[in-house]
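Protein chains in written order, with this note's numbering: chain A, 50 to 247; chain G, 1469 to 2103.
Since the hints were derived computationally from the structure, they do not count as laboratory data.
Computed from a predicted model, the values in this text were never measured in an experiment.
Don't take every hint at face value.
Below, a list of computed lysine-lysine pairs in the PhoX-like style, where the Cα atoms sit at most 25 Å apart [to be verified]:
#1 G/K1620 - G/K1743
#2 G/K2022 - A/K224
#3 A/K175 - A/K204
#4 G/K1646 - G/K1659
#5 G/K1751 - G/K1786
#6 A/K224 - G/K1471
#7 G/K1751 - G/K1688
#8 A/K230 - G/K2022
#9 G/K1786 - G/K1699
Simulated restraints, written as ranges between beta carbons of each label pair [said to hold, decoys possible]:
#10 G/K1648 - A/R226: 26 to 36 Å
#11 G/G1703 - A/E138: 35 to 45 Å
#12 A/T187 - G/V1924: 43 to 53 Å
#13 A/G103 - G/R1665: 43 to 53 Å
#14 A/L228 - G/N1925: 31 to 41 Å
#15 G/A1667 - A/V221: 51 to 61 Å
#16 A/V221 - G/A1962: 31 to 41 Å
#17 A/E240 - G/K1970: 27 to 37 Å
In this text, a Cβ means the ideal position worked out from N, Cα and C, and glycines have one as well.
Next come the chains, spelled out residue by residue.
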Amino acid sequence: MADYLITGVGGQGIILSSRLLAQAALGRGLELRTAETIGMSQRGGSVTSHVRIGSHQIHSPLIPLHSADVLIAFEPAEALRCLPYLKDEGALISLVEPIQAVHSALSGRPYEDRAVCAELLARRGKTALCSSVALSATLGHPRFVNVALLGTALKLGLLEFEPEEIEQALAVLVKARYLEKNRLALRLGVENTEKNFS
Amino acid sequence: MEKQLYMGNQAMGLAAIDAGISLVSGYPGTPSSEILETIAAHNPGDIYVEWSVNEKAALEVAAGAAYCGARALVTMKQVGLNVAADPLMSLAYIGVKGALVVIVADDPGPISSQTEQDSRSFAAFCKVPIFDPSSPEEAYALLLEAFDFSEKYQTPVLFRPTTRVCHGCAAFARGPRKQKNAPAPFVKDSKWVIFPRLAQEAHRRIEKRNDALSAILSEKSWNFFRGQALKSADGRRLGLAVSGVTYAYACEALDRLGLSDIKLLKITTPFPFPKELAADFAKGLDEVLCLEELDPVLEKELLILSAQRRLNWTVRGKWSGDAPRAGELSCDALLTLLGAFLDAPKAAQSDENSAAPAASAVELPQRPPVLCAGCPHRASFYAVKQAMKGQRAIFTGDIGCYTLGNAAPLNMVDTCLCMGACLTIAQGLKRAEADAQIFAFIGDSTFFASGMTGVVNALYNACPIVLVVLDNANTAMTGNQPHPGLGQTMLGSASPPLAIEKILEGMGIDFIQICDPFHLPAAVHAARAAATYCSEKARLCALIYRAPCIAVAKPQSVFVIDDARCTGCRRCLREIGCPAIGLAADTGHAQIDARLCYGCGLCESLCPTRAIINSSQQPESATSAAEGRKGARHG
């Protein structure tokens, strides 16, 4: 029973991640509702999914400000941008590798990802920052990193599900030829010890 | 059937199948596109599915089928209804024999549209009933009702979900599929022919019908009110009126405020407005707050009702300044609006909830949507820009991914209005500024949808502009749909692709050049030649820049920066704005993000020191680059 916000930059697999949680919730017979950003935002824009899971009827597809229990972020600036949606005592897990916006590159001022991560770590509430570099290398492609991060979130107890439930959700949602890689990504994420905590 | 996870658009697509449709037609448009795609993906085998060339064609195709007794669905976004307005206005008078539902997906915000228009207002204008679902599961059940309604009253009906209904998921159980209407052969009858005399009679008839429907809709379970008037501190009795997804936000907000029992009116069919139900609701209330997206439709109807029946209450909403006139609502917005209206115990909560989030100490990057790394439009715009450097030139743009060419550093879109306008606005500009060199940029899908008539207009009226067709073999922005130039239909059958150059030739254009925009010198040369031809011969000429969208093309080997040669001049960054090119903080040199690079090579053509190299020519970098490479971006 929780409200999850998932965010990142278009193309990082936010939609699949939100569908996995929704599918897992369905597997438990829980009430659920989601809201997704589809379309223009994918082209390098900020993308956010709201995933609401509960035992009673859920009305709004959008999570109100300061109400999310968990924020899962694939990009640190987006994590910081979405922080107002997270409860003060809510949990945050985020990748640390920045995706620089074209705009920042043009102005010659890439955003300060280290300052962003420092601000994330300074917050109240459980915060875990993870690097995706080693994971990407092992998996052979950055596209599976989203599922790996869900694995790490599982291990840290941020998600209400067991790894098997996410695996079952993968089987429903992912094309057969990518299933094994995704399962591996989930396992690697669960085993991942490269992270900072606060 | 058991509960499954469905996105709103999937729910509607499946509902249409379960309602027994024989045909679905549409034109892609966010947030509606997945509805038709769902029907194609779950086609039991006997539904005709078509992406039509534009929304007008889609509605007319569906109307033809509905004349024969078929159940037909049309899908589009809200601005698409502007294109389909001509047939819809007449069809309201002509009616249908089977059933015809037009799903028009509105885009509050707007998030990705030219306007924030409210299709509920359109329904009142074209005098056609409209359904306004508040959730994916309601959309499923309601669409089934909408088909029955259309068939019973022999009228097209509109169905208006919004983004949060279309692009959100819920879990529910789908029902069984109804028997498909077997369309009968067309029965010749003068009633299918619109004539002023028929229009006079039809108008009178549908006004009477709509009045009758108002009473009928007052009895339907999907329009209802519940709860008790809430007494304010000074004794005023308060209630709420909502429509569409705002109902969901209201339920959530009221739960949080502990006020779920407040008298609340939910209007699911805002036209014809269920007056009797509303009058009943008004009893015992001193004030009502209308919460709706986007126009003050409920507010206006309640105000009219108040005047007609001399109701002794105050109607509040957008016009009274109690709700925002424009923009998307949300649960947060409602907490604030309700707080103010209800003077509620919200006082404590809303301070917590609606306090502006503290600004982050760090400046966060702006992420407007940009052309993808490897997008051929970047190369096309750059080529024309280079060709016209130092000369007065105007670049009219159009709707599609290529609208994003307006952003820095390309700045190659000077106007953009609506589908197909690049050509015709260009002509108006030319009449006003005869000496300007004008380039009209249009995409392949847009060309078929509404560009061809603009070309004819320019030729017929002898207007010398340069037409630039950006042919990326895709309808990309809306999610990679096929179009007439590609030879593939939604039924999977091959159809002979329509060659744009042949169409232009057939229209009588003498100068037509086709180039690969990634061959930069040739592309620049062609643009110069076109401009020269245009001004010397005072005739329209055409350039077709042809290279596939990255969503439909395999990635090539990535490019890398040779640090030994890079001088940090940043030309690659400044000139083309590719998202894969960034700045290495330590060296100040350019760096290419191998996750994003698609291997188009445009940057290589720009580098003055030849510091950008194809990694396939560099054995060591090829391995690490291949590992980091990202595939197609959409999804």
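query: Where does the structure disagree with the numbered hints, that is, which hint numbers, in rising order?
result: 4, 12, 13, 14, 17
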